[in-house]
Amino acid sequence: MAEDKEWESSETTVAEFHKRIKEAFEVFDHESNNTVDVREIGTIIRSLGCCPSEGELHDLIADVEEEEPTGYIRLEKFLPVMTEVLLERRYRPIPEDILLRAFEVLDPAKRGFLTKEELVKYMTEEGEPFSQEEMEEMLSAAIDPESNSIHYKDYISMMVVDEN
Amino acid sequence: MGCGSSIAKKPRGSDKAIRAAMIIQNWYRSYSARLKVRQRYALTIFQSIEYANEQGQMQLSSFFTFMLENYAKANEKERELVTRIFRNDPQEKDREDYVKMINVPESYNGPRLQFPLTFTDIDLLIEGFKQQKILHAHYVLAVLFEAKKVLMQMPNVSHIKTFPSREITVCGDLHGKLDDLFLIFYKNGLPSEENPYVFNGDFVDRGKNSIEILMILLVTLLVYPNDLHLNRGNHEDFLMNLRYGFTKEIMTKYKLYGGKILKILEEVYTWLPIATVVDNEILILHGGLSESTDLNLLHRIERQKMKSVLIPPISPDEEDMIDSRKNKGGGRKGRTSVILSEQLLQHEWEQLVDILWSDPRGKRGCYPNKSRGGGCYFGPDVTSKILNKYHLKLLVRSHECKPDGYEICHDGKVITVFSASNYYEEGSNRGAYIKLRHCMAPRFIQYQVTKSTCPRTLYQRVNTIEGSAIRMLKERMIARKTDLVRTFEAHDHTKSGKVSLGQWAFSMESVMELNLPWRSLSAHLVNTDKDGKINYMSSFEDVLIQKPVKEVQSSIIETLCRYRSDLKIIFNVIDTDHSGLISVEEFRDMWKLFKTHYSVHIDDSQVDELANKMDLNKDGSIDFNEFLKAFHVVHKFDTK
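Protein sequence lines, in the order shown, are assigned to chains A and B.
Just so you know, numbering that gives the first Met the number 0 puts 84 at position 85 of the first sequence, and the rest follows in order with no gaps.
Just so you know, numbering that gives the first Met the number 0 puts 127 at position 128 of the second sequence, and the rest follows in order with no gaps.
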């Protein structure tokens, strides 16, 4: 994504952000009535290149929700809040080296890998725990079936390549 | 809420480990969300191209009306053609007439059916199809004939009951995907007196096994006429089948007998019931409703007069015009009035199109279905109004592919159910069916047919779907290359070969007429330089349209590529004996009509020249399938 270069902070930037936000929103607006299911708002925000934590996401949702939550988010409320997020460049993506260091913290013996059990334990018991579905999905790509472990350096570079 | 802060207060592992875990979780959630959005974008591409094609298909109806008028005023020979195309001779033959000349050879090792059919024939058929056997044309014709007889006795709307303790299973679009039907039967059991089913239209087209699905459904109908209910879908239409594959499937599988099968199939379609009502509460039909939907009228309409959505009734005014023209030319009055007595009234026809083609939307009211080009969009207010009017509680409809196989909207009053999993591409969507039980909320059962034994990662799944969506999109782009380049250049004042993202997205939207998130898709379609400028020619680098004849100009090539499917149907309609051949003369006539109607600006001489070149053996006829196949898009870097 080329956000960095669109950084002219002019009105055209705001207008362009509006269009991008609307585009991303519309794909989830199944009934074409400028609303989306609140459960999909995280996906929309993340698809716009932001990486909020679950906690930050909850706060953000609280900002855009109706006073009496309906389970749906209206574009009208979402658009100004999200534009601000993009303008202020909040929730920047996590760089590769930080990610690698995070894995290294969980591997104090510096073996270069985590066992499947270790990974599952950290991801489902610490921090903002994964649901079972999220865990299974992560494991399907992360675990080398022969050693039943995750070689995180290879894993990270594979994931980065995947995305580009 | 704010689980980050609660954890900070009461740490379980070491602070460092928690922070590390959070970074990984946070990163992974974003990664996975981005992939899921890409998957959604791919589905959006598939769907909007699908609807754009349907729109093209629906536009053919005005072309056929146009053709009818133009041919009607022309000479005798051409009028013959019109009658041949748009009128059916009533066929009151008995079964023997259909099958007597077609013997099943000793060597045939597929299923052998015995009339009157019983449940053992259903087993036999399913077993045979699981072994990829093809049912002999003799049986296909016999089943179609018997099914037509039974369907003719059925009312337009079937009324059924879940009471006392029967659950009814409702399945949506199957689209020739036999594995999905097998999976449903495996999970839910075969249809029987204790296990009734409603199949809500679109049994055929797109998938490879439409005839097998249709045969299983019709044989089951013959065995359990009170327990299997079929609703007509918008693809149970012989002109739709020409574009979407079923006609081709039949001709490939049945060659010599294909034409005969198609003929009777056309009639079977028209006799399919159009809706089912369960317990006087739940209305099941294929598409949806409109403001004017009148169930009483739909109950008494002569449904068999609806031959195809592409053949709208001719208005009486036009009839006058045609007749007066004919009189001038010393014509034969009365020919068109015969046609008229066989057609529905305009408002009856519209009622049927609406229930077969409409989609629910969140916006109130009822407005034309612009993306499909037929039926309407109906809002929650329309649903409430129509359901209340007839004391109904729920509408179950199909017609739209949903990622989860079903979707509930309009405050729970409308359920969409779609039973073809992997509809667009392996992994694109799940399929579902619904179980209805008296006084209980509907239950949904979801599934997905998989071929591979090892589970694929999210990335692999998304990549496959995205890849084929982008391919499709690029094929559409190359067919509009001239127009696209002209529009880009209008923005590119300095002739740098580059435009801004906004300009590019605007150009794409105005030329392609697809409602897509162009900004987000740009990364997959074009190269962007470090200043965020788009090199607009880069999307054409890896695709090109094959030129069968070197000298032809790109404008004609692009036009043929763009309208390929439309032309194929028009040629097929003229080619009533399904020989695959039309005369060079017919080709020229048709091209002229086509050109006028679609406002295509291409010099006749170019097309004449092309037609002569395509008549390879100089016998005055053109193999139009070969002709159109010649104009296909090539992906340069294909590894396959």
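Please note that a few of the clues may not be correct.
For lysine-lysine, the following DSS-like pairs were computed, each having C-alpha atoms within a straight-line distance of at most 25 Å [unchecked claim]:
id, chain 1, residue 1, chain 2, residue 2
1, B, Lys567, A, Lys21
2, B, Lys473, B, Lys254
3, B, Lys304, B, Lys148
4, B, Lys15, A, Lys21
5, B, Lys362, A, Lys76
6, A, Lys109, B, Lys15
7, B, Lys35, A, Lys18
8, B, Lys362, A, Lys18
Just so you know, the hints here were simulated from the structure itself, not pulled from any lab data.
Taking the hints in turn, this is what the structure says about them:
This hinted pair does not check out: B/Lys567 and A/Lys21 have alpha carbons roughly 38 Å apart, beyond 25 Å. Between B/Lys473 and B/Lys254 the alpha-carbon distance is near 34 Å, which puts this suggested pair outside the 25 Å criterion. Using a Cα cut-off of 25 Å, the hinted pair B/Lys304 and B/Lys148 holds, with the two alpha carbons roughly 16 Å apart. Taken as a hint, the B/Lys15 and A/Lys21 pair is broken in the structure, with Cα atoms around 38 Å apart against an allowance of 25 Å.
For the hint linking B/Lys362 to A/Lys76, the alpha-carbon distance of about 18 Å falls within 25 Å, and the restraint holds. A hinted pair counts as satisfied when its Cα atoms are at most 25 Å apart, and A/Lys109 with B/Lys15 qualifies at roughly 16 Å. The suggested pairing of B/Lys35 with A/Lys18 holds, with an alpha-carbon distance near 20 Å, which does not exceed 25 Å. Under the criterion of a C-alpha separation no larger than 25 Å, the hint pairing B/Lys362 with A/Lys18 is consistent with the structure, at around 21 Å.
Hints 1, 2, 4 from the list above are not met by this structure, while the remaining hints are.
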